[in-house]
Amino acid sequence: MDLIHDGKTRKVHQDPESADREIVEFTDSIALDDEKAESITGKAELVYRMTDFLLGYLEGKGVDTHFIRSLESPKILVRKVDIYPVLVVCRNIATKSFCLRSGVDEGTVLEKPLVEFFLISDRLHNPLITERAIETIGLVKDEILHFMRAVTLSVNYYLVELLKQQSLVLADFRLEFGITKAGHIVVADELSLDNMSIWDKGAPYMNFDEIKGKEEEFIQAYGKLVDLITRTKPEEVSNRNEILQVIVKPKDGIRNPPGEVTKKMLVRMGFGDAEDVRVGKVFNIILRRPITSEILHQLNIMNIKLLSNPISEKHEVSYG
Amino acid sequence: MSIAVIRFPGTNNDDDVMRALRQIPAAKPYLVPSRKGLAGLQDAEGIIIPGGFSYGDYMRAGAVAAMEVISAGIRDLAEDGKPVLGISNGFQILAEAGLLPGALLPNVSARFICRWVYLRVSDQPSIFTENLENAVIRLPIAHAEGNYFCSEDYLIALEGEKRIPFKYCNAQGEITEDSNPNGSIENIAGVINQKGNVLGMMSHPERATRQILGSTDGLEILENFVRAIR
Chain A
1 MDLIHDGKTR KVHQDPESAD REIVEFTDSI ALDDEKAESI TGKAELVYRM TDFLLGYLEG
61 KGVDTHFIRS LESPKILVRK VDIYPVLVVC RNIATKSFCL RSGVDEGTVL EKPLVEFFLI
121 SDRLHNPLIT ERAIETIGLV KDEILHFMRA VTLSVNYYLV ELLKQQSLVL ADFRLEFGIT
181 KAGHIVVADE LSLDNMSIWD KGAPYMNFDE IKGKEEEFIQ AYGKLVDLIT RTKPEEVSNR
241 NEILQVIVKP KDGIRNPPGE VTKKMLVRMG FGDAEDVRVG KVFNIILRRP ITSEILHQLN
301 IMNIKLLSNP ISEKHEVSYG
Chain B
1001 MSIAVIRFPG TNNDDDVMRA LRQIPAAKPY LVPSRKGLAG LQDAEGIIIP GGFSYGDYMR
1061 AGAVAAMEVI SAGIRDLAED GKPVLGISNG FQILAEAGLL PGALLPNVSA RFICRWVYLR
1121 VSDQPSIFTE NLENAVIRLP IAHAEGNYFC SEDYLIALEG EKRIPFKYCN AQGEITEDSN
1181 PNGSIENIAG VINQKGNVLG MMSHPERATR QILGSTDGLE ILENFVRAIR
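Residue numbers (our numbering), protein chains in the order written: chain A, 1 to 320; chain B, 1001 to 1230.
One chain only, chain A, in its complex shape (with noise of 0.2 Å):
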């Protein structure tokens, strides 16, 4: 097997079957501050035994992943992606940077769930972007940052469900998305330790800023953890409903008989202003499921099709 990419906390190889596909080989090392560290008999396989059974789950419930199938451990085995150059992080608890960037105390527990994004550079030790600045300076799409958040927020949902059967709480998580060949885009990470963190009881599950000399103490607890999320029940979390919404336009330079009216009212009514109004349609689609590129692809298709004429109409989607 052609060794791809040798990181710190996994190695990839080429799978020799396919192409477009690799081999995700999980290593005992852990990665602290950015830096290899050390490594720990055991943690490979913890590792492929979480991510093994959460993007499993997350499969199962929808989430288009670039995981395929678990090999012998700990190996897996994914659809080869070229990963974005930015990371996707989702918070439910304030913790460490984002407490010290916003004075929000350790453990708050934040309203809704918070997207953000970190631009992968070790250079610049992975700092904070905002959406804004990735699309000004054109590393990512702003469709397809969009895309990233909503899906993210899924997984989310999905993550703190399951966890939430053995009273445990997600308080962050970070991914990576990548493209496939087909154009697919796609989580394309691991689930473990290593990007997410869990809390019980109001602190940190396993909180090992120091590790040195506690390796044993430390394979234990993540052991049990593992063991918990591989006994929870995927079947009791219900599907969240996603929503699509598409709006279709008048095209520019044709006439709007129904605004020219609602116009002339508008005036009439006092509301001198309206200099003219366009009026549109909105179509709010529900889904049982996660959003995908492919259902994407399917609406743009319908929206051609069906939900708006071409000729005289436009049409935009939007969701999340």
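A portion of the hints provided could be inaccurate.
[To be verified] Below are the BS3-like pairs computed for lysine-lysine, each with C-alpha atoms no more than 25 Å apart in a straight line:
id, chain 1, residue 1, chain 2, residue 2
1, A, Lys96, A, Lys11
2, A, Lys214, A, Lys8
3, A, Lys305, B, Lys1195
4, A, Lys305, B, Lys1036
5, A, Lys251, A, Lys264
6, A, Lys212, A, Lys8
Rather than coming from a laboratory, the hints here were simulated on the basis of the structure.
Keeping the supplied structure of chain A fixed, place chain B upon it in accordance with the hints.
Positioned in the frame of chain A, the structure of chain B alone reads:
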């Protein structure tokens, strides 16, 4: 001459069209509910899509009916050269299905209009207007979305290819702005496809087939339609 008269849910002129066709000896009209799909078109030598409010005209007039399975069958028969006539909502369905160019937008008055209009028949021959070339005919309209629109390029093509058989006009046959009931571009009241066998028109020939109704001009168009089935 088996003529399939298609009835979508919400079509309500099917009976009028059937009755008008029965006046024509060679015509053998039969009603096809759209749910019959392709099977309903097996014996069809010609197709008429009557007016009405298919699927309640929700979304856009004709848009839902145009996506039904039977509409794919109508497309196949049209490609085979069988005559197809879409009247009013039938025209909207043919335009939405892409069998005819352009779109039928809401009337500029934003109102439903039901009245008699005059149409100037083109002097160019078509299977639907034989013996009517250059005539001024009188037919009723009844629609809220009959405002024909197409791109400038299409308009040039339609004019150039003599594919505009009817234009709204006054009693003297003059094509004027005042005689345009709904805002249609260039007073267009009907268009024909490139092959010449599919016609869409907003006015109702089936409602002008007896003297007692005020005009028999519509009967001539339907007779031409039947004659075109060979």
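Going through the hints against the structure:
As the CA atoms of Lys96 of chain A and Lys11 of chain A are separated by approximately 28 Å, the hinted pair breaks the 25 Å bound. Our distance criterion of 25 Å between C-alpha atoms is met by Lys214 of chain A and Lys8 of chain A, whose separation comes to about 20 Å. For a cut-off of 25 Å, the pair hint linking Lys305 of chain A to Lys1195 of chain B stands: about 23 Å separates their Cα positions. Distance restraint check for Lys305 of chain A and Lys1036 of chain B: the Cα-Cα separation of roughly 22 Å lies within the 25 Å cut-off, and the hinted pair is therefore satisfied.
For the suggested pair Lys251 of chain A and Lys264 of chain A, the alpha carbons sit about 20 Å apart, so the restraint of at most 25 Å is met. A C-alpha spacing of about 18 Å is found between Lys212 of chain A and Lys8 of chain A, which places the hinted pair at or below 25 Å, so the restraint holds.
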